[in-house]
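In order, the protein sequences belong to chains A and B. Using the numbering used here, read the first sequence as starting at 3 and increasing by one per residue. Using the numbering used here, read the second sequence as starting at 1142 and increasing by one per residue.
No wet-lab data here; the hints were simulated from the structure. All values derive from a computational prediction rather than experimental measurement. Incorrect hints may appear among the rest.
Unchecked claim - Partial pick of chain B residues on the chain A-facing surface, computed with a CB cut under 7 Å: (1) Ser1170; (2) Leu1172; (3) Asp1173; (4) Asp1231; (5) Ser1287; (6) Gly1288; (7) Asp1293; (8) Ala1357; (9) Pro1359; (10) Pro1519; (11) Gly1520; (12) Thr1521; (13) Glu1522; (14) Leu1523; (15) Ala1527.
Unchecked claim - Away from chain B, derived, C-beta distances all over 12 Å, residues of chain A: (16) Gly18; (17) Pro49; (18) Asp91; (19) Asp171; (20) Leu173; (21) Glu190; (22) Gln207.
Each residue gets a CB set at the ideal place from its N, CA and C atoms; glycine is no exception.
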Amino acid sequence: MKKPTDISNGGPLDGGHYAAEKLAWARDADPVGAMPPRGTVNESGEPTVFLDRLGERIAFERSGVRLYEALIVKLEASDRQQGGPTREDLEHIRDDELRHYAMVRDAMRRLGADPTAMTPSADVSAVMGLGLVQVLNDPRSTLTQCLEAILVAELVDNDAWVLLADLADELRQDDLARDFRGALGQEEVHLEQVRSWIAAAVRDQAGLGRTPPQPDARAP
Amino acid sequence: MTLDIRNEKGVPLARQVFTWRDMAGPPYSKLDDDAFTRIRVILMNAVEAEAVRFSHACARMNQDLQIPLAQVRRIEHHQQTMVNWLNPPDQSPLETTIGFEQAAIEVTAWVAQHEPNPYLAQMYRFGMLEDFDHLYRFAALMDRMSGKDVNDLLQSYTDVRPGRPTALEHRAPANDVRNPYDGHTATAQTKLNALTIVSAEHQVHDYYMNIGPIFADPVARMLYAEIASIEEQHVTHYESMMDPTETWLEKWLLHEATEVWTYWSCAQQESNTVLKGIWERFLDYELGQLQFVMGVMRRAGLHDPEELLPHSLPEPVKFESQRDFVRKTLANEVELTAVGAMVVPSTQEDQSNIDYRDQLDALGSPSEIIAAQYVWTPGTELDRIAHATH
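All chains should be modelled from the sequences, with the hints used to inform the complete structure.
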């Protein structure tokens, strides 16, 4: 019979067994799912990766609407801080997310695919987003913590729009590429706004001024 | 196809073995597999959970049976593990909840149509309309909290509409207790039906009690608390339908027979080849366990198991959409309540039910809050307000 391992003096840092076991599972595993076969989602002849990414954006933007709705609730529950968002700011972004959803939904339809189907990338993206839903809907989280959760979403969203617009360019989907770059422009504004709200909140909580000192102000 | 459960020997207990890899094997695909695959996994997890639950209660009351119960129970536990671990990790607790409610609706609707006792059939229809409403409430939660469409899970087999409003399902405890079937005269179908549905409901209750507190959203937490309370009522409702004068051994035998019947049903209809293999393997295990319990009964000398079991099983549970039946039941029977052991028109509501609800809902009803004005729409309700862009 095996004796219990003596760990009283600490052992070497060896995650080898753990990693090896996971490696074996990863090599054998099937993906979470396949793109729905032709005749359901994909009538378009477009590469499935493009439709998969469009499906992901549809799901993400729709969830984004719900995240901003939760953020609006959080804002209403919080003390207003200078440099922070107003209700109108957040409603504006929420409405942008809804428009982006409609834009990709309609694009998916024009390509002959089903915009209501959950694609593999949409599924995995929703798994990633579970933590954001938790933070934003927790009555105990602060407005700043919720803004940080939204920042995660906006960072991902920005990169996803870049990728999608580039992909549309490559596929000669010029109208879509133009629309997607338009959305990207709006998402870039969202990202900058969220960053500035977080910076203002954290500086305020640290007892500093609202805006960081400019480089020339520090010059001797 | 029939199955002679008294003579099929199955796999002996000694050969019913597992490894950890076996038990934690690859899950089904939430995206690719049929919704009824998820339903079968949910149902069989429930049936195994009931086997373990019953076995522990039985052991506490029967010292002579403790060792044979422990032997079978360890296997049932590992079977439950293997079945429950088939659920994929990308299926969130709320998504699994949708699967639980779909399973409750579709399987109970089938049972209601195959229950020879008209009183019990009505009780299944009564409970089914309540689970039907839970699906609607959880659909609203998924849409409004996460922006997700439940139909990705339901795969259009099941409607999403209000049933008997959850807020009206709360009843005083005495009004959830039903009249039992008579074990001497009831058919095998009646006994297997009851045990299958009480297993499913008990597991739904336990699942909600475990996952309810992991939600951060306060309305989600309240909604799970509210619906878990109804599931507790449903366990009371369904378990009281079973003959309480059946002996412990009889009940044990019936549990094994139910497991045989349900695995047999799953094995015949499974579209996922890996899972079909698991259902077939476990059908053989259950036949072996049934033989084992028959042996325990014979040695105890109290019953002849041959007399308690039917020659062949009832027809398999059909895993298919029961939409038409559900709609018809909804149209005819939604405005009912329960008073004593009887289902009656809601116009005859008992004051004790009203008082009980008034107290619980004194500070608001979560199921009403989450679903206010909710209408399920393909692609979520946001799709209705998101205007066309071109």
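Restraint: Gly1520 (chain B) near chain A, CB-CB cut 7 Å. Satisfied or not?
holds, 4 Å
Given Leu1172 (chain B) as an interface hint, is its Cβ closer than 7 Å to any Cβ of chain A?
holds, 3 Å
For the hint on Asp1173 (chain B), does the least C-beta distance to chain A fall short of 7 Å?
At 5 Å from the nearest chain A Cβ, Asp1173 (chain B) passes the 7 Å test, so the hint holds.
Closest CB of chain B to the CB of Leu173 (chain A) still more than 12 Å away
holds, 18 Å
Once the closest CB in chain B is found, is it more than 12 Å from Gln207 (chain A)?
The claim stands: Gln207 (chain A) keeps its Cβ more than 12 Å from every Cβ of chain B (closest is about 22 Å).
Can the hint on Ala1527 (chain B) be confirmed by a CB-to-CB distance to chain A that is less than 7 Å?
Hint holds; Ala1527 (chain B) Cβ to chain A Cβ min 4 Å, cut 7 Å.
Per the CB criterion, is Asp1293 (chain B) less than 7 Å away from chain A?
At about 4 Å, which falls below the 7 Å cut-off, the nearest Cβ of chain A leaves the hint on Asp1293 (chain B) intact, so it holds.
Answer holds if the nearest beta-carbon of chain A is closer than 7 Å to that of Asp1231 (chain B); otherwise answer violated.
The hint holds - Asp1231 (chain B) has a Cβ within 7 Å of chain A, the shortest such distance being about 5 Å.
Holds or violated: Thr1521 (chain B) as interface residue toward chain A, Cβ cutoff 7 Å?
For Thr1521 (chain B), the interface hint holds, since the closest Cβ of chain A sits about 6 Å away, which is under 7 Å.
Less than 7 Å between beta-carbons is the criterion; does Ser1170 (chain B) satisfy it with respect to chain A?
holds, 5 Å
Do the numbers back the hint for Gly1288 (chain B), that is, is its least Cβ distance to chain A under 7 Å?
Interface hint status for Gly1288 (chain B): holds (4 Å vs cutoff 7 Å).
Given Pro1519 (chain B) was flagged as interface, is its beta-carbon under 7 Å from a beta-carbon of chain A?
holds, 5 Å
Consistency note: the structure conflicts with earlier hint 13 alone.
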